[in-house]
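Model the full assembly from the supplied sequences, consistent with the hints where possible.
Residue 54 in the UniProt record's numbering sits at position 54 of the first sequence, and the numbers go up by one each step.
Because the hints were derived from the structure by calculation, they are not lab data. Backbone N, C-alpha and C fix where the C-beta goes; we use that ideal spot for every residue, glycine too. Among the hints, erroneous ones may be present.
Calculated pairs, DSSO-like style, for lysine-lysine (alpha carbon to alpha carbon, straight line, at most 27 angstroms) [as the list claims (entries may be wrong)]:
1) 91 to 477
2) 502 to 477
3) 11 to 237
4) 116 to 91
5) 11 to 395
Listed next, with one range per pair, are the computed distances between beta-carbon atoms [said to hold, decoys possible]:
6) 152 to 503: 42 to 52 angstroms
7) 17 to 391: 47 to 57 angstroms
8) 489 to 112: 55 to 65 angstroms
9) 159 to 110: 18 to 28 angstroms
10) 17 to 62: 36 to 46 angstroms
11) 62 to 488: 33 to 43 angstroms
12) 100 to 349: 44 to 54 angstroms
13) 35 to 433: 20 to 30 angstroms
14) 488 to 424: 53 to 63 angstroms
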Amino acid sequence: MSAIRHALSIKREDDFAQWYQEVISAADMAEESGVRGCMVIKPWGYGIWERMQRLLDDRIKQAGVQNAYFPLFIPLANFEREAAHVEGFAKEMAVVTHHRLIADGEGGLVPDPAAKLEEPLVVRPTSETIIGDAMSRWIQSWRDLPLKLNQWANVVRWEMRTRMFLRTSEFLWQEGHTAHATAEEAKVETMRALEMYRAFAEEDVALPVIAGEKPENERFPGARETWSIEAMMQDGKALQAGTSHYLGTNFAEAANIRYQDREGGQELCHTVSWGMSTRMVGGLIMTHGDDDGLRVPPALAPFQVVILPMLRDKPEDAALLEYCEALRASLAGQSALGEPLRVLLDTRPGKAAAKRWDWVRKGAPVIIEVGGRDMENGVVSLLRRDALWDINTGKPAFENPTCEAAAQTVPTILAGMQSGLFTEARDRREANIIRDITDMAGLSEYYGEDQHRPGWVEVQWSKPSGEGLEAVISQLKALKLTFRNVPMNTPPADGSCIFTGKPAVERIYVARAY
RNA sequence: CGGGGAGUGGCGCAGCCUGGUAGCGCAUCUGUUUUGGGAACAGAGGGUCGCAGGUUCGAAUCCUGUCUCCCCGACCA
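Shown next as structure tokens:
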């Protein structure tokens, strides 16, 4: 067994945070912008986000939700109507106060005092309030319900500490907003959105998640219930990858969203909101990345197959290119995971062997190199990103199918890779969930200093609220732990609360989190 | 926002303490030789040293302010 020369300089196990950043730059996904907390998303990173948008948007539309677009700027007064909501977001809002700049006489520009806005505008941190405004106008009778809207947008939250994709001041997301006649219907929609996110995460992103309800202290500001999908990263930390909120009538009261029922009475609507953001890209990296860079699940890869001709700057190149073009066309005629294959014939100048590593770092699922000898034999040299190395030789594990065989097997390879990445991540997660810790001493021990890759612990608790909950949270905080969620479809509690010793009422996950 | 670290060609760094007008590796360009596995050799191009002030005959280097990034903490759907 020879030493493998990996495509990245930092290994996950040596410094996970540094490794994460190296993947982003080595895979050419994004870069720093010079603006605090904001990033430039480069074509490969944005291409992955566009795939996420496409696949989730299809699911959103299948649920009868319509896309619309609402303003970036929200009047301050609009925001003040829901008390818990204001309190939750006030500390992190960007505010626009002027609409004109003037010269300061020293070569610079300053806001014109004469152009101060009567009422400041907030850059949306989320759009419940302004969409609620529209809903109050659009909904008159029970016939207008349910109203199901979604928008793809950027939002701004002035975060103290940012990390590319995981927490940026400006980020991209979708936010679904629905209004319903009854609490029951609204809760059905809350759970529908949650299940949609679970399916999207697991089937499209190959990201195993645990769906469940957030405890009271983790609720969205103004929500009655907050549900989430939680994923385990390779360092054992948890990442909230999507949320769905049952808002009750809180926002309907604030924005006066009412409908006339069949008996002629005026009733408040029950509203729901749900969101998934570019943070999912960070989750993808920390779940599927390895010591050679990113591995993009085939369903999300902007290019699933990259063909690299081994050009030699000689007349024979023309025939080789022709051979590769035929291969490209043959592959492009195939389908995988329900869509036509996305194939790139990379004819940029440069040696195939050097370009190969660019695509390995980017995580293209299948790389096919073709040289003159392959052409003579009617074969290709095929490399799978999920099985890169021959551990006996320490070299890339090329296979050599014929062109016809390659065209036929690539769809199978991609489908296998999609499910293989999911299975690998799910097995890793299950291996790192602990369920038999029943007291704080055990919890402290598990998360002690000598544990380098702690996972999650499923505990039983008595679900205190108010001061009792505060006390529990400070116990967790001492271990740098947070509550994640109360998983669905798990056996009922049968023990005592790990925090209070009282009879437990449910099971909940605790973990370190992003 | 508090503590710590850092900003020098595209990337990674040295130089700073002890001021004298910028260097190395990789990458890039050109040429030659190579050619089935992350090519070699030679030559070349590219930087007002994050930004703004100050001290000085002279500032990447010293001083002040400021912006951005990284780590820890607080905060955070």
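Taking the Cβ atom of residue 100 and the Cβ atom of residue 349, is their distance within the range 44 to 54 angstroms? Given range 44 to 54 angstroms: holds, Cβ gap about 50 angstroms.
Quick one, are residue 11 and residue 395 close enough, alpha carbons at most 27 angstroms? With Cα atoms ~18 angstroms apart, residue 11 and residue 395 stay inside 27 angstroms; holds.
Are residue 488 and residue 424 spaced within 53 to 63 angstroms by their CB atoms? For residue 488 and residue 424 the Cβ distance comes to about 24 angstroms; the hint is violated.
May I ask you to test the hint 36 to 46 angstroms on the CB atoms belonging to residue 17 and residue 62? holds, 38 angstroms
Taken at face value, is the distance from the CA of residue 477 to the CA of residue 91 at most 27 angstroms? Roughly 22 angstroms separates the two Cα atoms, so the pair holds.
Assuming the hint says 55 to 65 angstroms, is it satisfied by the Cβ distance from residue 489 to residue 112 or not? 59 angstroms Cβ-Cβ, so the 55 to 65 angstroms window holds.
I want to verify a distance hint. Is the separation of the beta carbons of residue 152 and residue 503 within 42 to 52 angstroms? Cβ of residue 152 to Cβ of residue 503: about 46 angstroms, so the range 42 to 52 angstroms holds.
Taking the beta carbons of residue 62 and residue 488, is their distance inside 33 to 43 angstroms? violated, 22 angstroms
Can you tell me whether the CB distance of residue 159 to residue 110 sits inside 18 to 28 angstroms? holds, 26 angstroms
Between residue 35 and residue 433, does the C-beta distance stay in 20 to 30 angstroms? violated, 39 angstroms
Given the hint that residue 502 pairs with residue 477, does the C-alpha gap stay at or below 27 angstroms? Holds, at about 21 angstroms.
What's the verdict on residue 11 and residue 237, does the C-alpha distance respect the 27 angstroms limit or exceed it? Between residue 11 and residue 237 the Cα gap is close to 17 angstroms, so the pair holds against 27 angstroms.
Going down the numbered hints, you'll see the structure goes against 7, 11, 13, 14, while the others check out.
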